[in-house]
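As they're listed, the protein sequences go chains A and B.
This note's numbering puts the first residue of the first sequence at 97, with every later residue one more than the last.
This note's numbering puts the first residue of the second sequence at 4, with every later residue one more than the last.
Bear in mind the hints are in silico, worked out from the structure with no lab data behind them.
One or more of the hints may lead you astray.
[Claimed, not checked] Computed footprint of chain B on chain A, listed as stretches where at least three residues anywhere in the stretch have a Cβ under 8 Å from a Cβ of chain B:
1. 137-147
2. 288-298
3. 306-319
All C-beta atoms in this analysis are idealised placements derived from N, C-alpha and C, irrespective of residue type, glycine included.
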Amino acid sequence: MNPAGFLAELFAYPFMVNAFQAGTIVAVAAGAIGWFMVQRRQSFAGHTLAVIGFPGAAGATLLGQSPAVGYFVACIGGALVIASLPATGRTGGELGGAGEESAAIGTVQAFALACGFLFVSLYKGFLGGLNNLLFGTITGVTTGQVALLAVAGLVSLAVLAIIARPLLFSSIDPAIAGSRGVPVRAVSAAFLVLLGVAAAGTSQVTGSLLVFALLVAPAATATRLTARPVLGIALSVVIALAATWAGEAIAYFSPYPIGFWVASLAFAAFVAATAWQAAREHHGLRRASPNAGVRA
Amino acid sequence: MTGIAALGTGGWILSEPFMQNAFMAGTAVALLAGLVGHFVVLRGQVFAGDALSHVAYTGALAALAAGLDLRLGLFTATIGIGFALGLFGGRGASDDVVIGTTFAWILGLGVFFLSIYTTRSSTSDSTANVKVLFGSILGISSAAAQSEAWTAAGLILVLLAIARPLLFASLDAAGAAARGIPVRFLGPFFLALLGATAATASQLVGALLVFGLLAAPPAAARKLTDRPWTGFWLSGALAVAAVWAGLALAYWVPTLPSSFTITSAASLEYATAATASWILARNARIPASPDLSNPEATQGAGETAGSRHQ
């Protein structure tokens, strides 16, 4: 099996070219935005935004529109709503504050899934489509969708590059960032919208339920390997790209769906990085990472 | 209120056997989910509850793919992973990343089992996937309804047996440990119980919507009261009310799936409670009109206000 023949077979159909283009755009955006999400501990919000995309896509299909548009409208709308909610108990260790806030987010999540299910059951004969919306497909990406993803990906990366510094600062210490004149609220609202775009894009590759595979796992892996921001973001993007490309290629040659492969590869990277981190700490490099000894 | 309306007209809703089954199983499971959910919210383990409900999906499909009884996979997976989460997961703030990454993979495994199940057996029920994801409370048999109700009742008893020490450990882990409560054991045990709850409830409203019953009623209850035990029972009552209202609505408007109506009713409860508590807080701008029935809450509110001034 020579590489050229392998690639020729892989890209013999236009749908695979589309799938790879979409996967590449999504992996870059999700890897970068996901890194900030992990630093900000907002992965629950990211998951919720992805889940909100499901009724968006199902509703768009019900109305005869493209699901891609539905994903973006729903995810960005959801991000704006979350951003407009008052930030209660987000920082404090105040009892139950965090639990209550995540319960509110979780309620929104369950309601969104229920609405998606309603749309699916109103749109008869959609049962195969249900799995594609929830768990992703490599055959469904259209050329128009790739163009939409490219525009969304470029715009969101440009915005991320602009707000990266204040965002990182306010993620690490919102109080000090605020006192230094960083518009913490505006930055965090802008980031939630970016997260919505990333979730909407990722949903179109992995499906609404497996967004974590590209949005969290690569970023969490990178965070375990390095504490340096630029290197971490680069690593996160590389891991997301590798998981997506390999996942799409394996899914093409195997009977099992893409969501399973991408999720498994990303998870394997995460487990390997966790083991590596543990081994490194075991070898007495504990002083290098300040967080290691906190619990002990 | 809607629950009472459903009861009042119960003569004809409950004359249908499938509605009897749905009400019997639904009431027991909702009570269980509401009561367990109260502790989930109190302990800040909503994310773990979400993860376990997704584990239920994979467990069920793994059992189907292996040709086993669906419930075997459901309970083994959720109880086992719940216990493991409690043992290994409770370390600091990297928690949500670990849980999130792991459960994305577990869901991925679920899809893998789904494709094995659908390709292997040509006779397989093509709607099994939708049933596992979104439940089928109106479609369960009378035997299944009874076993659901008994399971839920048993789990409620287990919860009640550990409720006091669990509350103590949730509010003040160090103090509870000092008093000799086995805090280290209680955490994993509670997550295993949460897993069993997710498994039980997922058969009625589906793995994806369990969360509506586990999170929305307790969150609504906490908006309405600060007292732990009042909140505990209120949460159970709200969950039962949501199921009754949802079942009644699904009965009268057959185009609406029951899982949708139940989840919507629970979400509506939360939205109403949140709005009500927001309006009350707004009207009570005059500081602390002392709520005599609830000295602890008033004290807590005073402390918070005090700390904000600093």
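Okay, the hints, checked on the actual structure:
1. 137-147: holds (count 4)
2. 288-298: Not satisfied, violated; 0 residues make the cut.
3. 306-319: Satisfied; 8 residues make the cut.
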